[in-house]
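All chains, please: the whole structure from these sequences, using the hints.
What follows is each chain in one-letter form.
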Amino acid sequence: MAVLVILMLPGCIRAASASEGPAPYTSTLVSVSATGLASVPDSKTESYPPAPKLTASDYPKINGVNSRVTVWLVAQMHLWFGAFVLAVPMFVFIIEAIGMATRDERYDSMAFEFMKVSIIAYSLTALLGGLLTFALVLLYPDLFKYLATIFRGSMFAYALLFFAESAILYIYYYGWHWLQGGNKKWVHLTLGLLLNSVGCVLMFLANAWTTFMMSPAAVDTAGVFNGDTWAAIHNHLWNPINVHRVVANMAFGGSIIGAYAAYKFLSAKNNGERAHYDWIGYNANFIAIAALLPLPFAGYYLTAEIYAYSQQMGITLMGGVFAWIFIIQAVLIGALFLSANYYLWCGMGRSEGAYRYHAMIKYIAFVLVVAFMVWFTPHTLVLTNAELKSLGGPYHEYLGVLGIMPAKNTAVNFLIIFTYISFLYYRRANKIPTVSWATTGNAIQIALFTVGLINITLLGIYYGYFTNTVYKVASSIPQVLTTLIIIITSAVMESMMYKGAKEVAPLHWGRMSNRSQYALFLLAVAFTWLMGLMGYVRSSIRQHWHVSNVFRDKSPDAYTPDLGYAASIVSMGTILFMVMVIFIFWLSAINSRRTTAKGYWKNKHDQHH
Amino acid sequence: MINIIKVSTFSLVVIGGFWGFSNFGIPQIKPAPPPVEEKLDLGAMSKDDFIALGGKIFNGKGNCTLCHNTMGRAPILDRIGPVTVERLKDPRYKGEATTVEEYLKESMTKPSAFVVSGYGKSGSNDTESPMPDVTGSGIGLSETEIAAVIAYLQYSGGTEVTVSMPNSNDQNAKAAAEAATSLNTAEEVITKYACGACHTVAGQTGEIGPNLTKIGKKRGKEYLRQAILDPDAIIASGFKGGMMPGKYGEEMKAKELELLVNYLAGLK
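Same order as they appear, the protein sequences are chains A and B.
Quick note: the first sequence uses numbering that gives the first Met the number 0, first residue 0, plus one each step.
Quick note: the second sequence uses numbering that gives the first Met the number 0, first residue 0, plus one each step.
Honestly, the hints are just simulated from the structure, not real lab data.
Be aware that one or more of the hints could be misleading.
Stated by the list, open to error - DSS-like mimics (lysine-lysine), calculated; alpha carbons at most 30 Å apart, straight line: (1) A:52 x B:60; (2) B:254 x A:553; (3) B:60 x A:553.
Claimed, not checked - Reference listing, derived: stretches of chain B covered by chain A, where coverage requires no fewer than 3 residues with Cβ under 8 Å from a Cβ of chain A: (4) 14–22; (5) 55–69.
Note that the coordinates shown come from a computational prediction; the quantities given were computed from them, not determined experimentally.
C-beta: ideal position from N, C-alpha, C; glycine also.
Pasting the structure below:
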C-alpha cells in the first residue's frame with residue numbers, strides 16, 4: 000500500500016498543480032533573487048494573490064498565549080523529534096548492512112534497539128506536527144493561507160507521504176524478527192532504504208516551505224507567485240538547508256542514542272548489560288562525531304549560499320547582533336568536541352594496550368583548548384565609552400587578530416584534526432601493526448599531519464591578514480580540503496596498516512567510568528541546545544518579514560528578540576525535549592521488565608475446570 | 000529512579016550553563032525595531048537639506064553602507080561623478096542612461112546594467128550585480144528618496160547636483176499624508192529617533208547614554224525638554240558631552256517632543 004501511495008505521488012502533485020489552472024504550465028519559470036525583480040512569464044496561466052498587507056489587528060489574539068513563543072516552541076520540538084526519527088533509520092540501515100556483511104548478530108540487535116527508541120519518538124513527532132499546523136492556522140492564519148496557496152501541491156503530497164512513511168516504518172519495525180535470513184533479510188534491508196528515501200523526501204518538502212520564507216522563488220515584489228510547485232520548492236536556499244539538515248540530523252540522532260546508551264549503562268544490573276550498553280554508547284558517539292566533523296563544512300556552504308542569495312541577509316547573519324551568536328555557538332561546539340574527546344580518552348581505559356598513548360592526551364587536550372579559545376575570541380566588541388578608552392580601540396591589541404573568520408576557520412580545522420587523532424589513538428589502543436612497512440607508514444602519516452597543519456596555518460595567516468575583507472573567507476575551502484585529504488589518506492593508510500594487526504590486549508567492554516557516560520549526555524544536551532539556537536538565527540535573519548522582502552510581518556512580535564531572550568526560549572524547549580526523551584528512555588526500560596504476580600492469575604489447571 | 004534524577008539534574012545544570020553564558024557572558028544588544036516609514040517634510044526643505052536627507056538614507060534606511068564601505072564588498076562611491084562618464088562609454092555598459100543622474104538612478108533600480116569589474120556575483124563573470132533593486136520591498140526606497148540619494152551621491156561624488164526636488168504637488172500630498180499619519184505614541188517617537196540606540200528606554204537597551212527607565216523620578220519636564228533640545232546644556236555625571244546630537248530641536252515636531260517629554264517624566 001505504501002508503495003502504491005508513492006507511485007501515486009507524482010500524479011498527485013501534477014493533479015494539484017493542474018487544479019491551480021486550466022492548462023499545463025508552459026512558460027519559463029521565473030526566479031526572484033534578492034537582486035531584483037522577477038521577469039514575469041508571458042503566457043501565465045496560474046493566478047495567485049499578492050502577499051497580504053497586514054496590520055497588527057489581523058493577527059488573532061488568545062488571552063494568555065504568546066503567539067510567537069507558542070509557534071516557536073512547538074516548531075522547535077517538532078523539528079527535534081523529526082530530526083531524531085529521520086536520522087535513526089539512516090544509521091540503522093548502515094548498521095544492519097554491516098551486520099549482514101559481517102554476519103555479526105550484535106549489529107542486528109543494536110540496530111533493532113535503536114529503532115525501538117525511535118518508534119516511540121515517531122508518534123510524538125506526528126503529534127507535534129499536528130500541533131504546529133494547528134498553531135499556525137489559529138495564530139498566523141494569513142501567513143498559513145499564503146504559503147498553503149503556493150504549496151498546496153506539495154502539502155498534499157506531504158500528507159500522502161506521511162501515510163507511506165508510517166506504513167513502511169511499522170512493517171520495518173514489527174517485521175524485524177520475521178524478515179530474517181537469506182532473501183527475507185534483503186527484503187528487510189530494502190524496506191530500510193525505502194523508509195529512508197521517503198523520510199528524506201518528507202523532510203525536503205517541509206524544508207522547502209521554510210526556505211521559501213527565507214528566499215522566495217518565482218514571486219514578484221508584491222508577493223504574487225508566478226511559478227509552479229517545483230519552482231517554489233526549488234528556491235535558492237533549499238538545497239543548502241537540505242544538506243545541512245541531513246548531516247546535522249545524523250549527528251543529533253547519534254547523540255540522543257548515545258544518551259540512551261549512557262542511561263541504560265548507568266542503570267545496568269550486571270556486567271553483561273554494562274558491556275552491551277558501553278558498546279552501543281561507543282557506536283552512537285562514533286556516529287555523532289563522524290557526522291559532526293563535516294557539519295562545519297555544510298554550514299559554510301549554507302552561509303555562502305545565503306550571501307549569494309542576498310548580501311544583505313548574509314551581513315545580517317554574520318555581523319551586528321547575530322555576530323554574538325557565533326560566540327555562543329563556539330562555546331557549544333567547543334563543549335561538543337571536548338566531551339566527545341573526553342569520552343574517547345576514557346574509552347582508552349578499555350584496553351591495557353592504550354597505556355602507551357596516555358602521554359599524548361595532554362598535548363591533544365592543550366591543542367583543543369587553544370583552538371577552542373581562538374574560536375571563542377570575538378571580533379567586533381560592543382563596548383561602552385570607558386571600555387573603549389581602556390582597550391584603546393574596538394579591537395584588542397593582540398587578541399583582536401584572532402577574532403576574524405580565517406583564524407576561526409584555522410581553529411575549527413585544528414579541532415577536527417585533533418579529534419580525529421584522538422580517535423586514531425583509540426583505534427590503535429589494543430593493536431600492533433604487523434605489516435613490514437609499519438614504520439614507514441607511521442613516518443608518512445606524521446609527515447602528512449605536519450605538512451597539513453602547517454598548510455592550514457599558513458592559509459589562515461595569508462587570507463586573514465594579507466588579503467582584503469572580501470577574500471578573507473576564501474581560506475575556508477583550501478583549509479577544508481587539506482583537512483579532508485589528511486583524514487581520508489590517514490584512514491585509508493590505517494586500514495591497510497592494521498590489517499591482520501596483532502592484538503596486544505583485549506578490549507574490555509563495560510570497563511568505563513560512570514563519569515564518562517555523562518560526557519555522552521553532555522553531547523546530547525549541547526546538540527539539542529545548539530540546534531535550537533541555530534534555528535533562532537535561521538529564522539531571525541528574515542528580520543521583520545514573514546516571507547523575505549515580499550510579505551511583511553506586522554504582528555506585535557515583528558521585532559527580533561535579543562539573544563538572552565532567545566536563549567531562555569531555547570533552554571525552555573531543551574528542558575521540555577529532554578524530559579520527553581528521558582520519558583522515552585524510561586518507557587523502553589519498563590518495556591523489558593517482567594513482574595511475576597504470583598496468585599493473581601488463575602492457574603491453567605483451574606481454567607480447564 | 001536515582002539515575003533519572005541524576006541525568007535530569009546534570010542536563011539541567013548544562014542547560015543552565017548555556018543559558019547563563021548567553022544572558023550574562025555576552026553583551027545583550029537589542030536588535031533594531033522594524034523600520035517605520037520616513038515622513039518627508041519636503042515643503043520646508045532646502046537643497047542642502049535634500050542632500051542631507053540623501054546622506055541619511057544612504058547611511059541608514061538604504062543599507063548602502065553595508066557594502067559600499069572600505070571593506071571592499073562594493074565599489075566606493077566618492078568619485079562617482081567622473082567615474083560615471085567613463086562607465087557610460089564602456090562597451091560592457093548595457094543600460095540606457097546618458098547622464099550621471101540617469102546612471103545613478105539606473106544603478107539603483109537595475110544594478111546589473113553595469114557591473115564594476117571584480118564586483119559581480121560569483122560565477123557571473125561580472126555580468127550580474129549582487130546589489131538589490133532599492134525600490135524592492137526589502138529596502139523600499141520611494142522615488143523621492145532615490146532622488147535624495149542621487150543628490151547626495153552627486154554632491155559627495157564630486158559632480159554638479161542636477162537632480163531636482165519633487166514638485167510642489169508631491170510636496171503638498173506628502174505633507175497632507177504626513178499630517179494624517181503623524182506619530183501618536185511616545186514609543187513611536189522613540190523608535191523613529193532611535194533613542195534606544197544609546198539609552199535604555201522603552202524596552203531598548205542602549206548603553207552609551209544614561210539609563211532612562213526611571214528618569215521621571217529625578218527629573219522634571221523642563222529639564223527633560225532642555226536635555227532633548229540642547230543636550231550639552233547639562234551633562235549627566237559619568238558621561239561626556241558632545242555625544243548626543245543637537246538636531247532634535249529642528250527635526251522633532253512639537254507634538255512629538257511633548258509626547259516624549261510626558262512619557263519620560265512619567266517613568267518613575
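Taking the hints in turn, this is what the structure says about them:
Our distance criterion of 30 Å between C-alpha atoms is met by residue 52 (chain A) and residue 60 (chain B), whose separation comes to about 20 Å. Distance restraint check for residue 254 (chain B) and residue 553 (chain A): the Cα-Cα separation of roughly 25 Å lies within the 30 Å cut-off, and the hinted pair is therefore satisfied. Restraint check: the Cα-Cα separation between residue 60 (chain B) and residue 553 (chain A) comes to about 18 Å, which is no more than 30 Å; the hinted pair holds. A stretch counts as covered by a chain when three or more of its residues have a beta carbon under 8 Å from one of that chain; for the stretch 14–22 of chain B and chain A the count is 7, and the coverage holds.
Coverage of the stretch 55–69 of chain B by chain A holds [criterion: at least 3 residues with CB-CB distance below 8 Å; count 3].
When held up to the earlier numbered hints, the structure conflicts with none and fits them all.
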